[in-house]
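**Student:** Sequence:
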Amino acid sequence: MTNLQDKTYKALFIDSTELKDKPQYPKPVEIPHIYVERNTGSIVSGVDTTIQYIKKYFDNKDSYKLIETGSLGISSFDPVIGIQIHGRPIIFFKNLTFSYVSTILDSILNHILPESKFILGQISNTGLSSWNDVPELFQLDIFAKQNRRILKNFGFIQPESIKSYMNYDGYKAFAKTITKQTAAEVCNIIENSGLRGRGGGAFNTGMKWQQALNTSKSQKYFICNADESDPGSFSGRLLAESNPHLVIEGMLISAYAIHAQKAYIYIRNTYTLAIDRLNNALSQAKKAGLIGEDIFGSGINIEIEIFKGPGAYVCGEETALIASMEGERGTPKPKPPYPSEDGLFGYPTVVNNIETVCNVPYIINHGVDEFKKAGSNNSFGTKLFSISGKTDITGVIEVDLGCSVDKVVDICITKQGKKNIKAIHIGGPSGGFIAPDNFSINLDYETIFKNNLWLGSGSFLLLDKTNCIIDITKYFIKFVNNESCGKCIPCREGSQRLLEILNRISEKPSDYNKHESLLRFKGVTQLEQISSLMQKTSLCGLGQNAPNTILSGLQKFRQEYEEHIYERTCKANVCRNLKEYFVIVDNCVGCGICAKKCPTDAIIGTEHQAHFIIQDRCIKCGVCEASCKFNAIMIK
1179 MTNLQDKTYK ALFIDSTELK DKPQYPKPVE IPHIYVERNT GSIVSGVDTT
1229 IQYIKKYFDN KDSYKLIETG SLGISSFDPV IGIQIHGRPI IFFKNLTFSY
1279 VSTILDSILN HILPESKFIL GQISNTGLSS WNDVPELFQL DIFAKQNRRI
1329 LKNFGFIQPE SIKSYMNYDG YKAFAKTITK QTAAEVCNII ENSGLRGRGG
1379 GAFNTGMKWQ QALNTSKSQK YFICNADESD PGSFSGRLLA ESNPHLVIEG
1429 MLISAYAIHA QKAYIYIRNT YTLAIDRLNN ALSQAKKAGL IGEDIFGSGI
1479 NIEIEIFKGP GAYVCGEETA LIASMEGERG TPKPKPPYPS EDGLFGYPTV
1529 VNNIETVCNV PYIINHGVDE FKKAGSNNSF GTKLFSISGK TDITGVIEVD
1579 LGCSVDKVVD ICITKQGKKN IKAIHIGGPS GGFIAPDNFS INLDYETIFK
1629 NNLWLGSGSF LLLDKTNCII DITKYFIKFV NNESCGKCIP CREGSQRLLE
1679 ILNRISEKPS DYNKHESLLR FKGVTQLEQI SSLMQKTSLC GLGQNAPNTI
1729 LSGLQKFRQE YEEHIYERTC KANVCRNLKE YFVIVDNCVG CGICAKKCPT
1779 DAIIGTEHQA HFIIQDRCIK CGVCEASCKF NAIMIK
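So the number in my numbering is just where the residue sits in the sequence shown, counting from 1, plus 1178.
Careful, some of the hints might be misleading.
[Unchecked claim] Computed Cβ-Cβ distance ranges for the label pairs, DEER-style:
| hint | residue 1 | residue 2 | range |
| --- | --- | --- | --- |
| 1 | Asn1370 | Leu1287 | 46 to 54 Å |
| 2 | Arg1507 | Thr1644 | 36 to 44 Å |
| 3 | Thr1227 | Asp1584 | 33 to 41 Å |
| 4 | Thr1227 | Gln1704 | 24 to 32 Å |
| 5 | Thr1227 | Lys1465 | 55 to 63 Å |
| 6 | Gly1224 | Asn1765 | 44 to 52 Å |
| 7 | Lys1358 | Lys1330 | 39 to 47 Å |
[As the list claims (entries may be wrong)] Straight-line alpha carbon distances no greater than 27 Å define the calculated DSS-like cross-link-like pairs of lysine-lysine that follow:
| hint | residue 1 | residue 2 |
| --- | --- | --- |
| 8 | Lys1551 | Lys1511 |
| 9 | Lys1600 | Lys1643 |
| 10 | Lys1757 | Lys1593 |
| 11 | Lys1272 | Lys1486 |
| 12 | Lys1513 | Lys1593 |
| 13 | Lys1774 | Lys1734 |
Don't read these hints as lab results, they were simulated from the structure.
All C-beta atoms, glycine included, are put in the ideal place defined by N, C-alpha and C.
I would like the entire structure built from these sequences, with the hints used as guidance.
**Tutor:** Right, dumping it as structure tokens:
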């Protein structure tokens, strides 16, 4: 056993049933400590340039310490920088781009608070002089209204450091598992906890593990699905980037529970930062003796490998994912047999979503009863939601399963902004719309399924009056149509037909097709018929749930469909192809202002003579109508 492995063993495996009693947040420092959240979101916001300016500010590298951390979860605050100086607690700043680095550091290093617009919050420590009039970070509504279990130490744990993870009791659950519990006992714990798959299917995780454990085949596999192909969700990427060791610890426990000696992280190849950090974490865990053969003399062998997937949405379905890993085209297979009996290379295989895996260490550390304190209606624990759209706050939040839609909305938008919300779309391409009069609905699996909706990976898209329901629906149906594997006719042909109908009702009918208006009128009926057929006959969840967005839209926003079909109107002014702009010759004075402002040169004419619009060039932007002072532009 190497020196590092010996230290790891003593730190984790001795008295492993007890969690360490230690401060959970930064201790007092002698030199300035600069904490920088670095993840995909903050990189897009320019954090790398901010880091360069921080380094440039300090001439002597020994005069400060720069620490890269994971994300707190709120991407609308990026870049987020935490600064701690001698005698003071850590204070966080939001949206700190490079141009403000010098100003902020000059102020803080001299114990002076800068402009309040940059200040996010502080974390007071006993014995340190708190910053006056600066709120406590976790007393802010955005954090206080959450129940942060998985995300508890995000923003403080350094994703590149196994030591940092262990300082927050990392790998204690794995140590407890292999020293105190049998595989069957672990399966029972997870089954009794009621942990359900967080990828959308919501199957009882422990039952799935039991099925794999009870098979007689000696070779078994565990797969963590970190692909997250839902276009509206980014919580899985956050987990992998900000706390990769949590993912690995959850996988080690999961693999141990089903007697799997080989485990895989299935992740899309475009998640480069997540892959780099997972690879680094795997290397560190292996050197520490937590991965490999005969782990600390226990006789347990577990290897973990990363598999880079192509990023296909259909590979979110477990049999399609397995086919992809076997080098085949990612297409679903009929069930039974289930992967837990006949999976990867014909051996029993368990596939769990990355969020599901990250719940496992919490359950082992805190117990079933504590885990069940969150959640309701047979949906226990917490759920991560990826917030985006017309909202004050974007990012990933964690709330109890079974909380209302209203509670999630209250976390991410002000009361004034809430009045403008037109709808919530949850669940990504397989999800659906929730109207404001139904915001009291609880986000637990039973209620959601009963209302023909889908939680999926937890995408939560807020829409206001500037959003068109038909346009959003068209986006998701087009996505499904592009991502369909094509194996079954209902999904392949049905999604194409749905897209054709949506395109037809969001465009102005052609004057050359006498039957087109009739086809538009039939659209609503055909949408419902095709959707019902797809739900009943599609091979996998992709096709079965694809019509959810259409059906929920028709149920809650039928008037908007009828406006598009019968009145040829999009009140949100999104479906511009419903319009056609003409010049009223008698009103036009030939001033030429509209022609000068037209972005596509679609308006022609001579000075002081009536102008004309070339319809093939017109993009229906409305600039001509807005610029005309003589009411000479008509919309049909």
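**Student:** Please name the hints from earlier in the document that this structure breaks, with their numbers sorted from lowest to highest.
**Tutor:** 4, 5, 7, 8, 10, 11, 12, 13
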